[in-house]
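Respectively, the protein sequence lines represent chains A and B. Take 0 as the starting number for the first sequence in numbering that gives the first Met the number 0 and just add one per residue. Take 0 as the starting number for the second sequence in numbering that gives the first Met the number 0 and just add one per residue.
Any given hint might turn out to be false.
Unchecked claim - Here are the simulated lysine-lysine pairs, BS3-like style, with alpha carbons at most 27 angstroms apart:
1) A:LYS140 <-> B:LYS78
2) A:LYS529 <-> A:LYS513
3) A:LYS294 <-> B:LYS68
4) A:LYS307 <-> B:LYS68
5) A:LYS285 <-> A:LYS554
6) A:LYS140 <-> B:LYS96
7) A:LYS285 <-> A:LYS484
8) A:LYS403 <-> A:LYS529
9) A:LYS499 <-> A:LYS433
10) A:LYS133 <-> A:LYS1
11) A:LYS554 <-> A:LYS294
12) A:LYS140 <-> B:LYS72
13) B:LYS72 <-> A:LYS307
14) A:LYS529 <-> A:LYS499
15) A:LYS499 <-> A:LYS484
16) A:LYS200 <-> A:LYS362
17) A:LYS130 <-> B:LYS72
18) B:LYS124 <-> B:LYS96
19) B:LYS78 <-> A:LYS307
20) B:LYS68 <-> A:LYS193
21) B:LYS68 <-> A:LYS285
It is worth saying that the hints were derived from the structure and are not from the lab.
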Amino acid sequence: MKKTGAQILLESLQLEGVDTIFGFPGGAVIGIYDALLNSPIRHILVRHEQAAVHAADGYARSSGRIGVCLVTSGPGATNTVTGLATAYMDSIPVVVLTGQVSTGLIGNDAFQEADIMGITRPCTKHSYLVKDVKELARTIKEAFYIAGTGRHGPVLVDLPKDVMADSAEFNYPESVNMQSYNPTYRGHRGQIQKAFKLILKANRPLIYAGGGVISSDASEELTTFARTLSIPVTATLMGLGCFPGVDELSLGMLGMHGTYRANMAVTNCDLLIAVGARFDDRVTGKIEEFAPNAKIIHIDIDPTSISKNIRVDIPIVGDAKDVLRKINKLIQEEKGDWRSIRREWLDQILQWKNTYPLAYEQKDVIKPQYVVEKIYEITKGEAIISTEVGQNQMWTAQYYHFTKPRTLLTSGGLGTMGYGFPAAIGAQIAFPDKIVIDIAGDGSIQMNIQELATVAQYNLPVKIAILNNRYLGMVRQWQGLFHNKRYSQTHLEVSPDFVKLAEAYGAVGLRATKPEEVVPTIEKALSISKAVIMDFVVEQEEDVYPMVPVGAPLKEMLLV
Amino acid sequence: MESEILDMRHTISALVLNQPGVLSRIAGLFSGRGFNIESLCVAETLDPSVSRMTIVTRGNDQVIEQITKQLNKLVDIIKVVDFFGSEYVDREMILIKVTSESSSRAEILRIVDIFRGKIVDVTPKSYTIEVSGDENKIRAIIDLLKPMGIKEVVRTGKVAISRGSKGI
Ligand SMILES: Cc1ncc(C[n+]2csc(CCOP(=O)(O)OP(=O)(O)O)c2C)c(N)n1
Ligand SMILES: [Mg+2]
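Bound conformation, chain B alone (with noise of 0.2 angstroms):
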């Protein structure tokens, strides 16, 4: 299978217990342990005990395998998820801040309106745009909007959630 040897994307949740500390151990197990973090995401769950965390992380089945099963190992952690090769929906949402002149005005408008962006600032100069969507999407605003002069970009990093009706 390709994925013994290839590194893949995998997108990782964890519920966490939500103390001081536990952010530090997660990025010290990656860091420690030379796994890399493409994005991390990390807010409080309904119960305000515990927090979720949304992972991107890129390796082979081997590592992948370690980083689960060290995140398992944390004592802080109480459930890991890993999404790849299952039915789910990642977001992300990014904020993006485009040079707006009276030439591009409506064309910027155009390209926020078809991906159902929105507009949450405006000078003179510039809009602002909050866009989320899937990594294909945001990838195919930002390049949209490149030429404009894109003069600022914020991303959340992905959150992501099964399909179905069942939790984690």
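This is chain A alone, in the form it adopts within the complex (with noise of 0.2 angstroms):
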């Protein structure tokens, strides 16, 4: 019997084992829509596509399955952008699928016609524009497998109109046959031999772990591997959750808002064992001087990312977990005592935590430290928290302590401002009774606040903590570090009474002006079954610490 291209479409999600899209409907998508009526695939109308990817984003990053979002052609389609950019810069697996023009339109300027391959090549693992009905399932199977295999990362697909309305016998390939694609996750049994002999003989290792730990669920190897040999583990922002934040060997994140003890451990290890990290600028400061003393050890499944910045001594390219746990074999038939090994290393690192500890002043004002602090004492770590960008998301990364793999949303490559609304929402789907908490600024929030209509339509029970500041708070953080305070644009005169724009959009509002009323707050927030924005008014002009300025390097921070 034959199907539509749109039934097609939709059979194909499910066999990938689709339960959820995120989407927005429009005139070249109206036949999927219509089909969507008789599937048993929930659609989740978000009121922005920027927000559909977001939230799709949102909810491949907490579930670790792909999240798949479906947008009009033109407009729908442009609106995209921003959250395949976000996605791919953090090899986030989303699938996005957008309407196109009919087949014999294309080209022709026609009414929401846009070249969205063309405009998001650089921003998509791969994209397929669907020409023929018969290509159809073949493209959904290959398009599942590149955005979850391999570094993962977005991958669209172009659906035409006509093509969708089209028919054609449906067979979904049971696998993949692509003569060009072929990711390497083993990794090399010589190099990882080299490796072992070096971390054996290191006197002081780091560990310096990324979002490549977490995309391949190996967390459990990775403390494994901390932990049987004593070493201490540094995170970026992508990696914090894949070891226990709390754990006695964690030294926090590193990079421009690291931590003292994390930032002088990468300048005085002479070890460095990187694992799914890219050494970007924002980790490494300036990048000769980075781990000078360090023999280097790069692990990663995407070749590209080894001696792209920084030349290394061991490149292995593998999956993460594939290769940890071959380490891990290693080490089992290794006897030693490795916490008296490593004493004086560890020492020492003690040491820099308690000459340099993050602090902060709680006086009569909030200060936004505080906040975060609280939602973490009182969530106990268990609570999956996104957040927007600037001084509110690395304020998170310092004081909530991830302990758990997948539980910190967050757009580190991109630093998109709005993401952690709709990524909240998209963790709240795929969590429904899990607390959910975006840590926002009143900034950020603005960016996709209309999505309060979704959390609503959907009781979706998703908390924000708003760090109200009253500023653009990390742009003015370096007008006033590195401009002689010359606040340009960055004073946010005029924001919404947050409490009652809840209330307009059937959510819950509440505002928190004085330290003593922060923990009540958040404590009433938690006790309510709706979305509930919590307004902190926080001390306007308070900066992040520690702060390695751009082009210095990590070792020379701003401390207070």
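Dock chain to chain to rebuild the complex, using the hints, since each chain is given by itself in its own frame.
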């Protein structure tokens, strides 16, 4: 029996295990939306297509599954660009289905036509234009395969309207057969052996863990590795949660706003073991002085990440989970009293920690760090936290001790304001019973505030904690430090009354203006089974410290 | 080693799926990352679903390593080979339109003959010459014809193949 393109599309999604998609309809996809009425797939109607991609991305990051969204052609498709770029920079598996004008009209500047493949080529892992309904099933199969294998990433599938109406026999391929795409999973044995020898010899080893540990679900292996050999661990923003943040071997985040001990450990280690990380400039500071005394082992699934920014001594291309497993096997046979062997190095790190711990002083105005710390204490680190971008993001990274992978959703690579709230929606859909909190800035939250209608429509109990400093705080901080306090266009003189705004959308609004109100506000919010905005009126000109100025080596941190 | 720091010219062959958009992915990769392309030549292989591309580019070791890795990473690319340091043959074809006057005709014909070129079009005032060869040969014939007055030059860009019996 023949089926229409729209039916084939939806059945293919089901066969990929998709039960929820995020989207927004329009003329070019009206046929797909019609078929959706007869499909068991749940559709979450967002209020802006950018939010659909971020929600699919938050769904993917929190659950490890592939996030899917569906939008119309032209403006619907172009509205997905920031979402795609965000997912691309952080290697998140999402499949974005865009409507397209009918094949006969492509190239004619037809109504709501956009060359979305052309526009998004640099920010997708791959993309397809389906010109023949007979190619549709295979294309969907490949799109999911590419998104979720190798270094994960977003894949776009452009679907012309006539192809969706056309019909064909439906046979979903059982497997993918691509001669041109074969990611390497298994680490090279010889390289692993070499790395292992180096690890045994090192006096001051350090693990530098990135988002790759989370995407390959290698947290357990990493934790075993670090604990067995007593090797301290620092994580990138993307890597937070891959190793328990409360473990005594955890140094917290490194880089521009990293902890003193993490940055000092990088500078002084004699072996750096980078796992699923890419030596991003916000992490390394002045690259010539990054880990200057160390040999470097670099484990990554993407060969292009290796030796891109920094020369490494032992590159290992492969999946972090596979490589760490193999290393752990080798370690088992090695008997040594690693705790006492490491004593000197760990004592040194402890001393750094005690000299300059992360600190702030809570006086009469609410400190933003205090809010994050209390959210951490009250949720016992069990919540899924998303962030916006700016100071709110950095304070979250510093003061919320992530202990489990996939509990921090944040736009690391692109730094997308407006990411956190829709991402939280995606996570709440994936985990209806978990506490999901977007720790937001007053600026960023306004970039996708319309999604309050989405949470109202689906009764999603997402919580938003606004660290309201009436500033585009992170930019103001830079203006303060590097532009003689010439605050240009960073004062948000007018913002909505967030409490009333929440109420207007059918959510609950709470405000805290004094330190003693912080805890009751969080507790109250968590007791409400609806969406809640908590408006924390915080210290206006608090800065994020430590800070490594752009271009400076990591050891040159500004400390308060 | 010199090539670690110095920009060297590399000739890279890539087998790619013959699909719309492949070329723009490759062009985008070069432009987006600031790599340069000196020449690019593409055509179908014996298997019409696969095209072969010869790219001539320039860079130090690290840049070339990134270029080949990034090319390999594109989903539509099947195989990438950098011929640098290996035995290979490269050729380029060139069409040259040169002014011919009674005084220079004989000289032009002599040059074409020496370079084993062909005259493919003649008018009372011009010759159009076809020559193929490696870079030195192409440069030499252009230099020799310049004094006669070159009106137009079209080059195909290089194609390359490894020496020996094995294919890529
Ligand atoms: C879409 C987008 N536009 C601009 C920026 C540049 N930017 C980075 S942080 C920041 C300030 C964010 O302000 P707010 O959300 O209030 O956070 P705060 O730093 O005050 O916590 C800006 C404008 C960005 N990251 N993303
Ligand atoms: Mg702010």
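Do the hints match the structure? See the list:
Taken as a hint, the A:LYS140 and B:LYS78 pair is honoured in the structure, with Cα atoms around 23 angstroms apart against an allowance of 27 angstroms. This hinted pair checks out: A:LYS529 and A:LYS513 have alpha carbons roughly 24 angstroms apart, not beyond 27 angstroms. For the hint linking A:LYS294 to B:LYS68, the alpha-carbon distance of about 23 angstroms falls within 27 angstroms, and the restraint holds. Taken as a hint, the A:LYS307 and B:LYS68 pair is honoured in the structure, with Cα atoms around 10 angstroms apart against an allowance of 27 angstroms.
Annotation: proposed proximity of A:LYS285 to A:LYS554 holds, straight-line Cα distance about 10 angstroms (limit 27 angstroms). Using a Cα cut-off of 27 angstroms, the hinted pair A:LYS140 and B:LYS96 is violated, with the two alpha carbons roughly 52 angstroms apart. Note on A:LYS285 and A:LYS484: the hinted pairing holds, with a Cα-Cα distance of about 25 angstroms set against a maximum of 27 angstroms. For the hint pairing A:LYS403 with A:LYS529, the CA-to-CA distance comes to about 25 angstroms; that is within 27 angstroms, so the pair holds.
A hinted pair counts as satisfied when its Cα atoms are at most 27 angstroms apart, and A:LYS499 with A:LYS433 qualifies at roughly 26 angstroms. For the suggested pair A:LYS133 and A:LYS1, the alpha carbons sit about 11 angstroms apart, so the restraint of at most 27 angstroms is met. Only pairs whose Cα atoms come within 27 angstroms are accepted, and A:LYS554 paired with A:LYS294 is accepted, the gap being roughly 18 angstroms. At most 27 angstroms may separate the alpha-carbon atoms for a hinted pair to count; A:LYS140 and B:LYS72 meet this at roughly 19 angstroms.
Note on B:LYS72 and A:LYS307: the hinted pairing holds, with a Cα-Cα distance of about 14 angstroms set against a maximum of 27 angstroms. Among the hinted pairs, A:LYS529 with A:LYS499 is consistent with the structure: their alpha-carbon atoms are about 15 angstroms apart, no more than 27 angstroms. A C-alpha spacing of about 33 angstroms is found between A:LYS499 and A:LYS484, which places the hinted pair above 27 angstroms, so the restraint is violated. At most 27 angstroms may separate the alpha-carbon atoms for a hinted pair to count; A:LYS200 and A:LYS362 exceed this at roughly 48 angstroms.
Only pairs whose Cα atoms come within 27 angstroms are accepted, and A:LYS130 paired with B:LYS72 is accepted, the gap being roughly 25 angstroms. With a CA separation close to 10 angstroms, the supplied pair B:LYS124 and B:LYS96 stays within the 27 angstroms bound. Using a Cα cut-off of 27 angstroms, the hinted pair B:LYS78 and A:LYS307 holds, with the two alpha carbons roughly 21 angstroms apart. Among the hinted pairs, B:LYS68 with A:LYS193 is consistent with the structure: their alpha-carbon atoms are about 23 angstroms apart, no more than 27 angstroms.
Simply put, B:LYS68 and A:LYS285 have alpha-carbon atoms about 25 angstroms apart, close enough for the 27 angstroms limit, and the pair holds.
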